[in-house]
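Protein chains in written order, with the working numbering: chain A, 571 to 1069; chain B, 4 to 104.
Think of the hints as simulated: they come from the structure by calculation, not from any bench. The C-beta atom is built at its ideal place from N, Cα and C for all residues, glycine as well. Some clues are possibly wrong.
[As the list claims (entries may be wrong)] Label-pair restraints from in silico Cβ distances:
no. : chain 1 : residue 1 : chain 2 : residue 2 : range
1   : B       : R30       : A       : R867      : 37 to 43 Å
2   : B       : A7        : A       : E725      : 50 to 56 Å
3   : A       : V1047     : B       : V92       : 53 to 59 Å
4   : A       : L846      : B       : V92       : 44 to 50 Å
[To be verified] Below, in silico cross-link-like pairs of lysine to aspartate or glutamate (DMTMM-like), each with a Cα-Cα straight-line distance of 20 Å or less:
no. : chain 1 : residue 1 : chain 2 : residue 2
5   : B       : K91       : A       : E1021
6   : A       : K925      : A       : E725
7   : B       : K91       : A       : E725
8   : A       : K925      : A       : E1021
9   : B       : K91       : A       : E727
10  : A       : K925      : A       : E770
11  : A       : K925      : A       : E642
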Amino acid sequence: MDLSTAYPTLLADLPAVVSMMVVGLMGLVLIVIDAFRNDHPAIPWLGAAALAVSAGWEATQLGAPAGTVLFETLRTGGFVAYINLIVLLAGLATTLVSIPYLNQLRHDHGEVYALILYATVGMLMLAASNNMVSIFLGLETMSVCLYILTGLVREDEGAVESALKYFLLGAFSTGFFLYGIALMYGATGTMVLPEMATAELATASAQLLFWGGFALFLVGFFFKVSAAPFHMWTPDVYQGAPTPLTGYMSTATKAAAFAALILVLVHAVPGGEWQLVLAAVAVLTMGVGNVMALAQRNVKRLLAYSSVAHAGYVLVGLAAGTQAGYAGALFYLLVYSVMNIGAFGVMALLEWDGKEGREQSLASLAGIADRRPVLGTTMGVFMFSLIGFPPLGGFAGKYFVFAPAVEAGLTWLVVIGVLMSALSAYYYLRVVYVFWMQSAEDVAATTPGPEAAFPPATRMAVGTLVVCAVALVVLGVFFGGVMETTTGFFEAAAMAAAP
Amino acid sequence: MDVALNWYLALSAVLFTIGTLGVLFRRNAIVVLMSVELMLNAVNLTLVAFSQSMGDPSGQMLVFFTIAVAAAEAAVGLAIVIAIFRSKVTVDITEINLFKH
């Protein structure tokens, strides 16, 4: 390659990755400030500002046509902007809720916010990948930051244990993921996703290499989105990680990883041979998540299993393999991110045990809604939306992933999905019941959470949760605009792919 | 050329399997970490072999990134192991079992 033209091309492509640069450079700035004063009060706000500015920029890019930049390593356009918007807003909400929470834990170190920004950069890259190299790099940038964030409270043995489990299993799955990439590369001779689809697999051994590699690749992805049977780490890690960061892990990570999976399915393996595999994994994921959640007494562990179940619902949309299915999955990722960030945010502000809530039973929060009506109400909205109750976003989301699956002939899958969501009402409503209908006197042998131990409910943190709750109502009623946008991405992509 | 490629692939498959078995059956967290590194390096061998036989540089490009990522992972992993050793005075992963189902 002639390098004299390479540099001008690179420079011309830089505006396409502006949010990645803003967030990444701000992360470096935060580390420098952190070196001078570890708990400087400006650090979280600078991080939040970078995320907000980038989110504003991405919002203007929602209508942009699809294209590739930086020598076909990254994609641009509406699809990327949409996922980036979810990731950036999730990061912003997490930062705002983390401030009082980490203050209370006395872990308000600057590097926490820098690590949130670096993880966000990884997710932005992952969701924009057009190349196996950038998928790998984005996934690992994100994961390594999350391993550290999980073990943030390193004096607490539970947090460190969570970090160790997450790290060992994450690195293990990375090995499979990478081996899958290597085999697919060997079969097709290219790392670029659309070129993989057009590469000729002449011999039987090349086909074996490709599909074997694709299976290993899927294992890596299923691990990251905590789909069964690769979900084992999820409850332990979510229970031991700092609560607002758990919300971040369970939403932004999944949004970015599912986006990359959609890009691979659409561009690299468009045949649809994988439909039954995804459907089987979806059934298993929905079943394991919902059934295991029934017996949980710790709300964070309950939400962990619930997030496993929700990964299953998204997989139903992917299994449909149609434009409508992918568009529905994108909509679901948005709704899911809003409600899960909210639910973990409420739990963060109601945490009193000083151990990331891992030893705090649901019963200890009996009647909390009388004392914290705003948190109780928002938690009610999140729980009803997670069930999929009609006027809220969760209902519209489930409809848009289930309907395309019926059209694609996967009625049995949708029947299982609907039954599973009915089952989920039991454990979500129990949270609402304990928050609102019980009082501390009803629950014998449980100490209620001491008022002084709750993190201070700052206006910013509570305001973020209220915005999330309002957004769910809005998404549940005015879903048309968002669905039109997400459907548009795939129509445009199909037109670009046509000769 | 083809024969040579197969030998490389077989070697890396064997190394990958050894690494996988190490992760599954060893109890010392440090040894598990080493086994993961072995898995990643086995993949690097596959990538370089494919890349060389096809005359395409992108596989070797990924190897550079893999090496960097493996180094970052090792740093984070050892830090976590040290943190857990401080509180538990063991790195045996069967004794690290705080969470109940």
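Run the distance test for K925 (chain A) versus E725 (chain A): straight-line Cα separation, threshold 20 Å. Given that 20 Å is the threshold and the Cα spacing comes to 10 Å, the pair holds.
Do the beta carbons of V1047 (chain A) and V92 (chain B) sit within 53 to 59 Å of each other? holds, 56 Å
CB of A7 (chain B) to CB of E725 (chain A), is that within 50 to 56 Å? holds, 54 Å
Taking 44 to 50 Å as the stated bounds, is the beta-carbon spacing between L846 (chain A) and V92 (chain B) within them? Hint holds: Cβ distance 49 Å, inside 44 to 50 Å.
Taking only the CA atoms, is the gap from K925 (chain A) to E770 (chain A) under or equal to 20 Å? Since the Cα atoms of K925 (chain A) and E770 (chain A) sit roughly 55 Å apart, the hinted pair is violated (cutoff 20 Å).
Is it true that the CA of K91 (chain B) sits at most 20 Å from the CA of E725 (chain A)? The given pair, whose Cα atoms are some 11 Å apart, holds under the 20 Å limit.
Under the criterion that the straight-line Cα-Cα distance not exceed 20 Å, is the pair K925 (chain A), E1021 (chain A) satisfied? holds, 16 Å
Next pair to validate is K91 (chain B) with E1021 (chain A); report whether the Cα-Cα distance is within 20 Å. With a Cα-Cα distance of about 31 Å, the restraint between K91 (chain B) and E1021 (chain A) is violated, given a limit of 20 Å.
Against the 20 Å threshold, does the CA-CA distance of K925 (chain A) and E642 (chain A) hold or violate the hint? violated, 45 Å
Between K91 (chain B) and E727 (chain A), is the straight-line Cα distance small enough, at 20 Å or below? holds, 8 Å
Do R30 (chain B) and R867 (chain A) keep their Cβ atoms within the hinted range of 37 to 43 Å? The hinted range 37 to 43 Å is violated for R30 (chain B) and R867 (chain A), with Cβ atoms some 30 Å apart.
Hints 1, 5, 10 and 11 from the earlier list are contradicted by this structure; the remaining hints agree with it.
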